[in-house]
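Student: Quick note, the sequences are listed as chains W and X, same order. Counted from 1, the first sequence has number 110 at position 92 by the numbering used here; the numbering is strictly sequential. Counted from 1, the second sequence has number 1696 at position 298 by the numbering used here; the numbering is strictly sequential.
What the hints contain is simulated information worked out from the structure, not anything from laboratory work. Treat the hints with care, since some could be wrong.
[What the hints assert, rightly or not] Using 25 Å as the maximum straight-line C-alpha spacing, the simulated DSS-like pairs for lysine-lysine come out as follows:
1) X:K1493 x X:K1643
2) X:K1643 x W:K190
3) X:K1762 x W:K239
[As the list claims (entries may be wrong)] Partial pick of chain W residues on the chain X-facing surface, computed with a CB cut under 10 Å:
4) I35
5) D75
6) I266
[Stated by the list, open to error] To give an idea of the chain X side of the interface with chain W (calculated C-beta under 7 Å), a few residues:
7) Y1413
8) P1703
9) V1816
10) I1831
11) L1860
12) N1863
Note that beta-carbon positions come from the ideal geometry of N, C-alpha and C, so glycine has one too.
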Amino acid sequence: MYAYIVRRAIYAVFILIGVNLITFALFFKVNTPDDIARLQLGVKYVTPEAIAKWKADRGYDKPLLYNEKAQGWHQFTDTIYFEKSVEMFRFNFGQSDDGRDIAYEISLRMWPSLALAVPVFLVGLALQITFALMMAFFRATYLDFWGVVLCVVMMSISGLFYIIGGQYLISKLWNLVPISGYAAGFDALKFLALPVAVGVIGGIGSGARWYRTIFLEEVGKDYVRTARAKGLSEVVVFFRHVLRNAMIPILTGAVVAIPLLFMGSLVAESFFGIPGLGSYTIEAIQAQDFAVVRSMVFIGSVLYILGLLLTDISYTLVDPRVRFD
Amino acid sequence: MPILPVILWTDALIYLLLAVVAGFVWYVRRHAHLRAPWWRVAQTPAAMSALVVLALFISVGLLDSVHFRLALPAAQAAQAGKAVSRDVAYAVEVKSLLDVLLASIANRPERTYSAPLATHAYARETLDLPGADGKPGKQLRTYPRLAYGGAHLRDPERDWKADVLLTGFRGVALALPLWLLLSLALVAACNSPERLASRDFWHAVWRGRTAVPWRAILITLALLLLLAVPMILLSLDYHVLGTDKVGLDVLYLSLKSVRTALVIGTLTTLVMLPFSVLLGIMAGYLRGVVDDLIQYFYTTLNSIPGVLLIAAAVLVLQVYIETHPDLFPTSAQRADFRLLWLCIILGITSWTGLCRLLRGEALKLRELEYVQAAQAFGVSEWRIMMRHILPNLMHIVLISVVMDFSGLVLAEAVLSYVGVGVDPSMISFGTMINAARLEMGREPMVWWSLASAFAFMLALVLAANLFADAVRDAFDPRVRVGNGGRRLAEVES
Chain W
19 MYAYIVRRAI
29 YAVFILIGVN
39 LITFALFFKV
49 NTPDDIARLQ
59 LGVKYVTPEA
69 IAKWKADRGY
79 DKPLLYNEKA
89 QGWHQFTDTI
99 YFEKSVEMFR
109 FNFGQSDDGR
119 DIAYEISLRM
129 WPSLALAVPV
139 FLVGLALQIT
149 FALMMAFFRA
159 TYLDFWGVVL
169 CVVMMSISGL
179 FYIIGGQYLI
189 SKLWNLVPIS
199 GYAAGFDALK
209 FLALPVAVGV
219 IGGIGSGARW
229 YRTIFLEEVG
239 KDYVRTARAK
249 GLSEVVVFFR
259 HVLRNAMIPI
269 LTGAVVAIPL
279 LFMGSLVAES
289 FFGIPGLGSY
299 TIEAIQAQDF
309 AVVRSMVFIG
319 SVLYILGLLL
329 TDISYTLVDP
339 RVRFD
Chain X
1399 MPILPVILWT
1409 DALIYLLLAV
1419 VAGFVWYVRR
1429 HAHLRAPWWR
1439 VAQTPAAMSA
1449 LVVLALFISV
1459 GLLDSVHFRL
1469 ALPAAQAAQA
1479 GKAVSRDVAY
1489 AVEVKSLLDV
1499 LLASIANRPE
1509 RTYSAPLATH
1519 AYARETLDLP
1529 GADGKPGKQL
1539 RTYPRLAYGG
1549 AHLRDPERDW
1559 KADVLLTGFR
1569 GVALALPLWL
1579 LLSLALVAAC
1589 NSPERLASRD
1599 FWHAVWRGRT
1609 AVPWRAILIT
1619 LALLLLLAVP
1629 MILLSLDYHV
1639 LGTDKVGLDV
1649 LYLSLKSVRT
1659 ALVIGTLTTL
1669 VMLPFSVLLG
1679 IMAGYLRGVV
1689 DDLIQYFYTT
1699 LNSIPGVLLI
1709 AAAVLVLQVY
1719 IETHPDLFPT
1729 SAQRADFRLL
1739 WLCIILGITS
1749 WTGLCRLLRG
1759 EALKLRELEY
1769 VQAAQAFGVS
1779 EWRIMMRHIL
1789 PNLMHIVLIS
1799 VVMDFSGLVL
1809 AEAVLSYVGV
1819 GVDPSMISFG
1829 TMINAARLEM
1839 GREPMVWWSL
1849 ASAFAFMLAL
1859 VLAANLFADA
1869 VRDAFDPRVR
1879 VGNGGRRLAE
1889 VES
């Protein structure tokens, strides 16, 4: 298994290089730093000197891939590609276009993001599984039917409306929690209660329906028939046999999302004014801060690949039948 | 009036899509094994009700996809400085057939917000009262009358309720005969005359026992008409769903948003479909180096977070548009190009799921006897892929197209909120929600824009979901498609 993981890790490095090349092409080839500078400084009334200064301030005044003027190794290292893209592999993200250190910002904003995303993930997963279990246990009854109808209706509502509705009802009408904002320490609880609730409710529809199909698929298998034929009661069959086996695809499927929790949620964080990585990204997009967007793309890819790796490992841990060689 | 047809990029693709669908229907009708699952869809009450609703949305969207520029009247053209003897000058504004149909409600702008069916503005304004014999009059803080909403009422306080009720009642009264007519036409078009004449058939319809769920279809149609006809009648005199910040009718905005949603939901998959199908089949069938390369390619694309890739690409496009203004003469063309770009980039982020699924399926199919037989006969690999593998994967493609639709419509709203969605000048549910959100804090709340966007989106997405479920169940209840949408759904939560 270790050989397998090592192989996957090497593969992951190659994928990261690919991601790196794609983002480099997007941000430096399709749009040259000149274009970006012009956009930042205002399109019409901009002098070549202003562009040159803007580029020099941010280190964009070097050649893209190969520096003829430099000596030795510096011919390759003293370039935009090396300084802006290769450095990311060392998690050295440099400065944002407004001059702040990106790595420092990330280390600050990571915690509010996690404080929101982790409870949403855990509570949401638990509730989704519970509802799916209920619908699957009472399958082919009115409870199941209306449960599915409710799920379909809930997943047909845009996440934005859950947020807007929650803010209006809970915060404005009933005045239970603040509409938006954030505070450190235990004060965060009252700011986080509503976003977590909204996030959980917004995800129940699609999640519960999806897990229900997994449970139903499992119920139709032969070992379930065997268990019934032994004379086990339906409750025992369901909770001892079906539930355990269905948890394999459910949990391994959920693992991939765990590393991405760091990235936070774009929409919820900016609606509720939580200073996490999600709102950081949105602010960067809206301010057209390419340095930050580039870093977030890289981090997101790293986390996603980590998620894939964890998924593979979790398969081997949970399901002894799975062997990699 | 002479017109200059304008075919936007997305229009052309919509026409192409229509042609593809028409060809597909023709093909399905000729093949029994394809007719069978569609027949199962046609027997599902929820799916057919959803289809009625979808048909309404699609017809609105299609009407909104025929674009042209109206010729300016000669006098205006002279003013514009373009009237050189015989040349016809055309308005810069690109209009659609829907705009012309809705001209009566689109061209009645108020000054700012007004509530649904209101006769007075939402906010107080200071009015100058004309004083007696030329003296400056008093100023009055009051809710001014709207320019168009309920303008025909002489005394709104007294007449408003009666007028609204009466018009609504007239609408209901008109809807019923219209419903009878439409239902008869619909049922007659799909059934033989002998069946129509038989009493048993209508009895079965009444009891809901026909093979095609006519009862559900007709009830849906009735509900739609009962809602639509009174609204149309009321919209002649009022702003049925109120007006937005710049005084535009919200009903008009909602109807215009339908096209944007449909374009995003359908063209996104259409644009990337050839790539994902071709690459998926090639990876699964050819194996070896090709497989490795394609897998590497889609894993790499997939590992870039979807929203961020979209954001990066849209930022790139913005820079491109800013630096090449000469390529986009009208704002409609600019907005349309951005919409198309958004479709492409959304497609790039979401095609990988389908590709992986097709690869897995092709891996299974290539071991089957009929493929091995074809190989033994010396059929070329390309031909095997196209003639033997592809037709047996089409159900997966179809399921994933219909399942992705609703997720994409929802994603549009979120992306527009993030600021990387459609052009701000383009009317869409996302821009509507975004504009309305800023007014949440006002007292009393401006709720009607949000409520309209909510209702229209819910109707569209719910219908799409119900229909997609039926299609999936009919074609292959075991295929786990639909999880592809979850990547986009992660954007949501």
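Student: Run every hint past the structure and note whether it holds.
Tutor: Outcome of the hint check:
A threshold of 25 Å between alpha carbons decides the hint, and for X:K1493 with X:K1643 the separation of about 22 Å falls inside it, so the pair holds. Among the hinted pairs, X:K1643 with W:K190 is consistent with the structure: their alpha-carbon atoms are about 22 Å apart, no more than 25 Å. Restraint check for X:K1762 and W:K239: the C-alpha separation of about 21 Å stays at or below 25 Å, so the hint holds. The restraint placing W:I35 at the interface with chain X holds, with a minimum CB-CB distance near 9 Å, inside the 10 Å limit.
For W:D75, the shortest C-beta to C-beta distance to chain X is roughly 19 Å, which exceeds 10 Å, and the interface hint is violated. Because the beta carbon of W:I266 sits about 14 Å from the nearest beta carbon in chain X, more than 10 Å, this interface hint is broken. Because the closest C-beta pair between X:Y1413 and chain W is about 29 Å apart, greater than 7 Å, the hint is violated. Annotation: X:P1703 was flagged as interfacial toward chain W, and the flag holds, the nearest CB pair being 4 Å apart, inside 7 Å.
Hint status for X:V1816: holds, given a least beta-carbon distance of 6 Å to chain W, under 7 Å. Annotation: X:I1831 was flagged as interfacial toward chain W, and the flag holds, the nearest CB pair being 6 Å apart, inside 7 Å. Proximity of X:L1860 to chain W holds as hinted, the smallest CB-CB distance being about 4 Å (cut-off 7 Å). A cut of 7 Å between beta carbons decides the hint on X:N1863: the least distance to chain W is about 5 Å, and the hint holds.
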